[in-house]
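Enquirer: Each chain, letter by letter, is given below.
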Amino acid sequence: MTKGQAISLQKNDGGSLTAVRMGLGWQAAPRRGLFGSRTREIDLDASAVLFADKQPVDVVFFRHLVSDDGSVRHTGDNLVGGVGQGGDDEAILVDLARVPVHIDQIVFTVNSFTGQTFQEVQNAFCRLVDETNGQELARYTLAGGGAYTAQIMAKVHRVGGGWNMTALGTPANGRTFQDLMPAIVPAL
Amino acid sequence: MVAELVRGQNHPLSQVRLEIRVSAGRPVVAAATLGDESGRIHGVEWVAHPGAPTLPGLEVSRQAAADHRLAVDLDAMPAAVHRVDVLLALPPGTGGPVSFGSLSAPFVAVTGLDGSEVASYTITGLDAESAVVALELYRRQGAWKVRAVGQGYAGGLAELLTDQGLPQAHQVAAAVDEAVAHGVARSVPAPPSRTADGDRSRQAAASALGADQSGSPYGAQQGGAQPHQGGHSAGGPYGAVQNPQGVPADPDATQPPPTASPGGPIDYSHPRRRNGAPPPPPPAAPPAQPGRPAPPVAGDATGWSMEERLYNQVWGMFEDLARTTAAYRSAVDFADTRMERELDQVLSDPRSRIGGQGDAAREAAQTRRVQLVDQAREALERDLVQLGAEADVVEPALPVSFARWDNPVWHAYRVPMEMPMALRLGDLHLPESDPLRIPMLVRLPLERGLWIDSGRPGSFDGAFIDSHELRRLAMESAVAHVARLLAVHPADEFTVHVVDPAGSGAGELAPLVQSGVLAAPPAQGAAGVAAVLGRLTERVDLVQMAMRGGAADSLPPGFDISQQLLVVNDFPHGFDDRAVTQLRYLADEGPAVGVHLMLVADREDADGYGPLLDPLWRGLLRLTPVAEDHLADPWVGHAWTYEPALVPSGSQVLQQVLAQVANARTKY
Chain A
1 MTKGQAISLQ
11 KNDGGSLTAV
21 RMGLGWQAAP
31 RRGLFGSRTR
41 EIDLDASAVL
51 FADKQPVDVV
61 FFRHLVSDDG
71 SVRHTGDNLV
81 GGVGQGGDDE
91 AILVDLARVP
101 VHIDQIVFTV
111 NSFTGQTFQE
121 VQNAFCRLVD
131 ETNGQELARY
141 TLAGGGAYTA
151 QIMAKVHRVG
161 GGWNMTALGT
171 PANGRTFQDL
181 MPAIVPAL
Chain B
1001 MVAELVRGQN
1011 HPLSQVRLEI
1021 RVSAGRPVVA
1031 AATLGDESGR
1041 IHGVEWVAHP
1051 GAPTLPGLEV
1061 SRQAAADHRL
1071 AVDLDAMPAA
1081 VHRVDVLLAL
1091 PPGTGGPVSF
1101 GSLSAPFVAV
1111 TGLDGSEVAS
1121 YTITGLDAES
1131 AVVALELYRR
1141 QGAWKVRAVG
1151 QGYAGGLAEL
1161 LTDQGLPQAH
1171 QVAAAVDEAV
1181 AHGVARSVPA
1191 PPSRTADGDR
1201 SRQAAASALG
1211 ADQSGSPYGA
1221 QQGGAQPHQG
1231 GHSAGGPYGA
1241 VQNPQGVPAD
1251 PDATQPPPTA
1261 SPGGPIDYSH
1271 PRRRNGAPPP
1281 PPPAAPPAQP
1291 GRPAPPVAGD
1301 ATGWSMEERL
1311 YNQVWGMFED
1321 LARTTAAYRS
1331 AVDFADTRME
1341 RELDQVLSDP
1351 RSRIGGQGDA
1361 AREAAQTRRV
1371 QLVDQAREAL
1381 ERDLVQLGAE
1391 ADVVEPALPV
1401 SFARWDNPVW
1411 HAYRVPMEMP
1421 MALRLGDLHL
1431 PESDPLRIPM
1441 LVRLPLERGL
1451 WIDSGRPGSF
1461 DGAFIDSHEL
1471 RRLAMESAVA
1481 HVARLLAVHP
1491 ADEFTVHVVD
1501 PAGSGAGELA
1511 PLVQSGVLAA
1521 PPAQGAAGVA
1531 AVLGRLTERV
1541 DLVQMAMRGG
1551 AADSLPPGFD
1561 ISQQLLVVND
1571 FPHGFDDRAV
1581 TQLRYLADEG
1591 PAVGVHLMLV
1601 ADREDADGYG
1611 PLLDPLWRGL
1621 LRLTPVAEDH
1631 LADPWVGHAW
1641 TYEPALVPSG
1651 SQVLQQVLAQ
1661 VANARTKY
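So the protein lines, in turn, are chains A and B. Per my numbering, residue 1 is the first one in the first sequence, and the count goes up by one each step. Per my numbering, residue 1001 is the first one in the second sequence, and the count goes up by one each step.
Honestly, the hints are just simulated from the structure, not real lab data. None of these values were measured; they are calculated from a predicted model. Treat the hints loosely; a few may be bogus.
[Claimed, not checked] Distance windows between CB atoms, simulated:
id	chain 1	residue 1	chain 2	residue 2	range
1	A	185	B	1466	17 to 25 Å
2	B	1336	A	160	19 to 27 Å
3	B	1366	A	173	40 to 48 Å
[To be verified] Which stretches of chain B does chain A cover? Using the computed rule of at least three CB atoms under 8 Å from a CB of chain A, they are:
id	region
4	1323-1331
5	1370-1376
[Unchecked claim] Here chain B is said to cover these stretches of chain A; the calculated rule only asks that three of the stretch's residues, wherever they fall, bring their Cβ under 8 Å from a Cβ of chain B:
id	region
6	123-129
7	145-152
Just so it is clear, CB atoms sit at the ideal spot from N, CA and C, and this is done for glycine as well.
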């Protein structure tokens, strides 16, 4: 899908999706230098910000792995990346049926905590997956994307009784989600 | 000779038994890592931190503190260890400083056991760092030396440990955070099984498994890459919690992957515990009626025994209630704020002065609020009904150690052969969740002493209770806790000493005294206090020495190895300074060697000691004799109302149980 395109998370048969996962994967930095122990590790972080009427209410990120209400869960911080073969190194799971009634938007972001731009990271991607059947709803290749350290990836928002997902793919710069808040607000 | 080291400087150590003292001015976490000849850490078992404080020859504090004293015995270090790094880190999430730059330079000193300083080092020049390697003790040609390191890490403990080459750096850092969070005195300690095995939380468990990620639920278990353990709660009542709106069954959407369906060949073994025989499967939930949540079943949680499953289930209910209430409160807060904002807009809009426009706008704002609150209430009610149904099947299934005193299971009481994993201290609830009660279970052996507060409750809204009555109630609930502790331990494995200096608790203590379950009659007067404290202090010393020397066999023959509980009524009545010091020593050192403390006290009575006793109160788990909202959960931090587990009035169950305990005692 392309930037700004919205897709409904309603299923064809009328049942709505109940769970989505944001996955983030990248390849660990190669070891280099005279001393094998001196690496330049790459730490990308996935975060999700919960909004009620454009006000941030809760954030799920590596310091707060579960939203207070329990509906959004981070599987844990990965500090170095994986083998880069397409698996998720970090994931955020959203149980849409349990999201509190006043939360109307959830925004997913990616940050480079160690400061490398996406140009310097290999095999980096982020994606949104329908948890119930593993189907990919959106996928971005971050690697080689440009001199940015962050991306506002997508938002999931309430429409009527169900949820829609809109791909954003807005590049930005920042170390953690806090740095991105000014860039997120226009997307709400 | 005291050497004041600068960064990079080293100094020889002539002694092998040392203390490392840390003072940072603000609470910090102290930890230590062991390294081999090449400086490599062999694994998590080479890291001493608040979650795993003891290594051979080394011990760190379990909590974050402004001052630390680390005991080090270099002779006791394994031969492979050539390096000991002492680390300091700022505890995250406590509202304290986030970098060392914002506090005064931490000071570390190496001292002998007699307190004589050998070397000291003030860690200056720290800025954005939140973790630092303070000192390094290292072996050089058979002798030990100390070096001032002062290497800081802005990425905290995780970055520091990663830099030291520990592959599990992040898990260890998370374990430290968790342990520190548990150390915060007010909170109920989180259940170890959940923290040890990662996220077992039930709501996301089924949906956590992506088909493309693991193919089958076992993939995740064996790989260990994903902390989720899929399949355990498969098809259980939480299918309904995940999909609480009762959305008609789309099997893909509401059920976990088909391989995890109930009755399937599910592998329950822990990925890192391959050797044990798998436990019997948990009771399977009957299939759900179409469009309705599956009925709950007692014991529907992970665990190696029914007891552990029930324990995990109760903690799961505790977490679910905490989270669903958090969702509700957050929604109501938002609804209120939004309405106020909208009403402000109406007031500031000049058009609203004309005709009925203002009234209509006001009404609309209020309606919007009511609608949102109703929606939130509906979601909460749905979860409460589900949890209530679960509680209805779980409560009757609880074993005596977890059961209320009015549970019929007590009438079939027999003295057990094994110590249970946990003990019910009372019930917890939130205002929104009434009448649902969550059993408050704490692990045994007790990790912290108990303080039954006989003082004026902080937020008591019931009828006026005079202080005399409060003291009586406090002692009565203390006796109920003691009786339960005695009842759930095997015969002769739990010994209770009572100190009642003024004899003011005699009436409430009667059931314990008359049944003959106490080690000795309640000690009275200052002499009685001194005698009991002296005996227990000596015991702690003796066991500690035997444990440190690695010679548990060297205890004197006939040494009573049972757990000991000291109950003190009316503290600090009858206590002199020496006795207070001994009591603090018992509170700090006792739990590790099986000596526990239960203090029945009004903190105001001990005001004369000033802040000296603050660490004592903080170190104890405070319980009240009447309902009071003073306990926080470990997830969201709601204030939960605690009610003690009391024997129903007129019931003889306590006497009957104690008679059996006394009977079993004389038999052996």
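Enquirer: All hints, please: hold or fail.
Expert: Quick rundown of the hints versus the structure:
A C-beta distance of roughly 57 Å is found between residue 185/A and residue 1466/B, which places it outside the suggested range of 17 to 25 Å. Checked against the hint of 19 to 27 Å, the C-beta distance between residue 1336/B and residue 160/A comes to roughly 25 Å, which is consistent with it. Separated by about 43 Å at the C-beta atoms, residue 1366/B and residue 173/A satisfy the suggested range of 40 to 48 Å. With 7 residues having a Cβ less than 8 Å from any Cβ of chain A, the region 1323-1331 of chain B passes the three-residue criterion, so the hint holds.
Look at the region 1370-1376 of chain B against chain A: 3 of its residues bring a Cβ nearer than 8 Å to a Cβ of that chain, three or more, so the hint holds. With 1 residues having a Cβ less than 8 Å from any Cβ of chain B, the region 123-129 of chain A misses the three-residue criterion, and the hint is violated. Here the region 145-152 of chain A counts 0 residues with a CB under 8 Å from a CB of chain B, which misses the bar of 3, and the coverage is violated.
In this structure, the hints that do not hold are numbers 1, 6 and 7, in rising order.
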